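J.: Sequence:
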Amino acid sequence: MSFDVEGILWLVSVWALPVLTAITLHEAAHGWVAWKLGDDTARLMGRVTFNPLKHIDRFGTVLLPCLLLLFQAPFLFGYARPVPVRFHRLGRPRRDMVLVAAAGPAINLLMALAAALAFHLVVLVPDVASAWLAANLRNALIINVVLAVFNMLPLPPLDGGRVVTGLLPSRLAAPFQRMERYGIAILVALIALPPLIGEQIGLDIAILSRLLLPPVEAIIHAIVFVAMV
-17 MSFDVEGILW LVSVWALPVL TAITLHEAAH GWVAWKLGDD TARLMGRVTF NPLKHIDRFG
43 TVLLPCLLLL FQAPFLFGYA RPVPVRFHRL GRPRRDMVLV AAAGPAINLL MALAAALAFH
103 LVVLVPDVAS AWLAANLRNA LIINVVLAVF NMLPLPPLDG GRVVTGLLPS RLAAPFQRME
163 RYGIAILVAL IALPPLIGEQ IGLDIAILSR LLLPPVEAII HAIVFVAMV
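Take the sequence shown: its letter number 4 is residue -14 in our numbering, and every next letter is one higher.
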């Protein structure tokens, strides 16, 4: 298997900053909102910061995205170390759980809008750097929307699962939250198994991409429309 070294270096250079900033601000937003709502655990652990080194998971933030780029996967995915939140310390735990969970996807959508608006600045940059800047902004738009939509899937421990837990009546919230111990396994199965099975039977049964693609495309189109008005 041969690799295009120049192409790989280009991909890394136009994806590294968008991925790092998207993941860093996502986690920092969780910690900041939790702090403002009564739980300063993340702040005391130094996680309410824009320093990506405080949030990086060596596998999820570095190795996994690099492997996906290297093998030209149809999607890019990564994650950071989760910000610790003690929900019982929040002022109104059930309501505040929803706000803390929603903060990450919300900041990603704001960053996606900022990236789209920044396209207006590309024409001001010298030609030698304009293509690189445009690629970074395009990738920032994409990765932030993908992270926002992915994290809002209603599956604990994703943000969407915590939002659902906070919104459900107490009698339903407790059993739903107990799914969290199986959440990662379910998620990995949804990501990995359908493509493998589909390859064997000759069908495209990539469930996760079918779930994510329509809202991702709709949100990107809406953001681009707003930014270009």
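Quick caveat, the hints were computed from the structure, so don't treat them as lab data. Fair warning: this is a prediction, and the values are worked out from it, not measured in the lab. Do not rely on the hints blindly, as some may be mistaken.
[To be verified] The following label-pair restraints were derived from C-beta to C-beta distances:
(1) R160 to S112: 29 to 39 Å
(2) Y164 to M210: 25 to 35 Å
(3) S112 to V211: 37 to 47 Å
(4) V107 to V(-13): 32 to 42 Å
(5) A100 to D186: 32 to 42 Å
(6) I166 to I(-10): 24 to 34 Å
Where a beta carbon is used, it is the ideal one built from N, C-alpha and C, also for glycine.
J.: Hint by hint, say whether it matches the structure.
T.: Structure-based check of all given hints:
1. Between R160 and S112 the beta carbons are some 51 Å apart, a value that contradicts the proposed interval 29 to 39 Å.
2. Against the hinted window of 25 to 35 Å, the Cβ-Cβ separation of Y164 and M210 comes to about 43 Å, which falls outside the hint.
3. A hinted range of 37 to 47 Å is violated for the C-beta pair S112 and V211, which are about 22 Å apart.
4. The given range of 32 to 42 Å is broken by V107 and V(-13), whose C-beta atoms sit roughly 26 Å from each other.
5. Here the CB-CB span from A100 to D186 is close to 35 Å, well matched to the stated 32 to 42 Å.
6. Against the hinted window of 24 to 34 Å, the Cβ-Cβ separation of I166 and I(-10) comes to about 29 Å, which satisfies the hint.
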